[in-house]
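Listed below, chain by chain, are the residues.
There are 2 protein chains.
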Amino acid sequence: MQETVITSANKAYALLKADADKILKLIQVQMDNLTMPQCPLYEEVLDTHMFGLSKSIDFAVRMDLIEEQDGKALLDNLEKQLNFIHEKSQQK
Amino acid sequence: MQETVITSANKAYALLKADADKILKLIQVQMDNLTMPQCPLYEEVLDTHMFGLSKSIDFAVRMDLIEEQDGKALLDNLEKQLNFIHEKSQQK
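Respectively, the protein sequence lines represent chains A and B. Note that this note's numbering gives residue 22 to position 22 of the first sequence, counting from 1, and the numbers run on in steps of one. Note that this note's numbering gives residue 40 to position 40 of the second sequence, counting from 1, and the numbers run on in steps of one.
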């Protein structure tokens, strides 16, 4: 049983991390290809994806699949990386 | 181990069902108290909540915690109930 719990937790974290990476990739592609990174749609798309991920993380925490602090770290880390990409694109 | 899986599935479904009920309750309260149920904010709030719930359900399905058809039924059922409430409020 202990093994089952650990496996589920690993799977949950891996799924959520993959979701976060997908958002990062999407934004990266947008940044590389858009002539206008200040496009309001960018903010809206990003907000929607971040909200969706936060809901999945929230559910995983309530299911005791991941620790609350790990979920928070996942979101914070994604946000930091997105800010970094955004700043870099502004300097172009 | 079988027992653990069943318990997790029950918990997952109960959590998602409670989320759906919360959305229904929120909309019901809004309908009962708002003078303008056609307010655009109503649609936006509802969309956001539905999207959040669909993301949690999606995650639960990917974690094999609930069946895809059960998740879909949960969302469809909520939508039907919301439409019913909405129609009723229009007839007032």
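Hints were generated in silico from the structure; no laboratory data involved. Treat the hints with caution; some may be incorrect.
[Unchecked claim] As a list, the in silico BS3-like pairs of lysine-lysine whose alpha-carbon atoms are at most 25 Å apart: (1) B:80 with A:17; (2) B:22 with A:72; (3) A:88 with A:11; (4) A:80 with A:22; (5) A:11 with B:11; (6) A:11 with A:80; (7) A:11 with B:17; (8) A:72 with A:22; (9) B:17 with B:72; (10) A:22 with B:80; (11) A:11 with B:72; (12) B:88 with A:72.
[Claimed, not checked] From chain A, some residues computed to sit far from chain B (all C-beta separations above 12 Å): (13) 8; (14) 16; (15) 19; (16) 25; (17) 46; (18) 48; (19) 54; (20) 58; (21) 60; (22) 62; (23) 64; (24) 68; (25) 69; (26) 79; (27) 87; (28) 89.
Cβ coordinates follow ideal geometry from the N, Cα and C atoms, glycine included.
Cross-check of the supplied hints:
1. Only pairs whose Cα atoms come within 25 Å are accepted, and residue 80 (chain B) paired with residue 17 (chain A) is rejected, the gap being roughly 33 Å.
2. A C-alpha spacing of about 24 Å is found between residue 22 (chain B) and residue 72 (chain A), which places the hinted pair at or below 25 Å, so the restraint holds.
3. Straight-line distance between C-alpha atoms of residue 88 (chain A) and residue 11 (chain A) comes to about 33 Å, which puts the hinted pair past the 25 Å bound.
4. Distance restraint check for residue 80 (chain A) and residue 22 (chain A): the Cα-Cα separation of roughly 15 Å lies within the 25 Å cut-off, and the hinted pair is therefore satisfied.
5. Between residue 11 (chain A) and residue 11 (chain B), the direct Cα distance comes to roughly 18 Å. Compliance with the 25 Å bound is thereby established for this hinted pair.
6. In summary, the hint linking residue 11 (chain A) to residue 80 (chain A) is supported, as the alpha carbons are separated by about 24 Å, within the 25 Å threshold.
7. Taking the CA atoms of residue 11 (chain A) and residue 17 (chain B), the gap is about 23 Å. The hint holds against a cut of 25 Å.
8. Distance restraint check for residue 72 (chain A) and residue 22 (chain A): the Cα-Cα separation of roughly 17 Å lies within the 25 Å cut-off, and the hinted pair is therefore satisfied.
9. A threshold of 25 Å between alpha carbons decides the hint, and for residue 17 (chain B) with residue 72 (chain B) the separation of about 12 Å falls inside it, so the pair holds.
10. Using a Cα cut-off of 25 Å, the hinted pair residue 22 (chain A) and residue 80 (chain B) is violated, with the two alpha carbons roughly 32 Å apart.
11. Of the pairs offered as hints, the one joining residue 11 (chain A) and residue 72 (chain B) holds, with about 22 Å between alpha carbons and a cut-off of 25 Å not exceeded.
12. This hinted pair does not check out: residue 88 (chain B) and residue 72 (chain A) have alpha carbons roughly 41 Å apart, beyond 25 Å.
13. Not every C-beta of chain B lies more than 12 Å from that of residue 8 (chain A), the closest at about 7 Å, which undercuts listing it as non-interface.
14. A Cβ of chain B approaches the Cβ of residue 16 (chain A) within 12 Å, the least distance being about 8 Å, so the stated non-interface status is violated.
15. For residue 19 (chain A), the condition that its CB be more than 12 Å from all CB atoms of chain B is violated, with the nearest at approximately 8 Å.
16. At the 12 Å boundary, the C-beta of residue 25 (chain A) stays outside the reach of chain B, the nearest C-beta of that chain being 18 Å off.
17. With 12 Å as the threshold on Cβ separation, the claim that residue 46 (chain A) sits away from chain B holds: the shortest Cβ distance comes to roughly 14 Å.
18. For residue 48 (chain A), the condition that its CB be more than 12 Å from all CB atoms of chain B is violated, with the nearest at approximately 7 Å.
19. With a cut of 12 Å on Cβ distances, residue 54 (chain A) falls inside the contact zone with chain B, its closest approach being about 8 Å.
20. The claim that residue 58 (chain A) is not at the interface with chain B is violated, since a C-beta of that chain comes within 12 Å of its own (minimum 7 Å).
21. Not every CB of chain B lies more than 12 Å from the CB of residue 60 (chain A), the least distance being 7 Å, so the non-interface label is violated.
22. Residue placement check: residue 62 (chain A) does not keep its beta carbon more than 12 Å from all beta carbons of chain B (closest about 6 Å).
23. The Cβ of residue 64 (chain A) sits about 9 Å from the closest Cβ of chain B, inside the 12 Å cut-off, so the non-interface label is violated.
24. Every beta carbon of chain B lies more than 12 Å from that of residue 68 (chain A), the smallest distance being close to 15 Å; the non-interface claim holds.
25. Every CB of chain B lies more than 12 Å from the CB of residue 69 (chain A), the least distance being 19 Å, so the non-interface label holds.
26. Taking the minimum C-beta to C-beta distance to chain B, about 18 Å, the non-interface status of residue 79 (chain A) holds against the 12 Å cut.
27. Separation of residue 87 (chain A) from chain B is adequate, the least Cβ-Cβ distance of about 28 Å exceeding the 12 Å criterion.
28. Every CB of chain B lies more than 12 Å from the CB of residue 89 (chain A), the least distance being 27 Å, so the non-interface label holds.
In this structure, the hints that do not hold are numbers 1, 3, 10, 12, 13, 14, 15, 18, 19, 20, 21, 22 and 23, in rising order.
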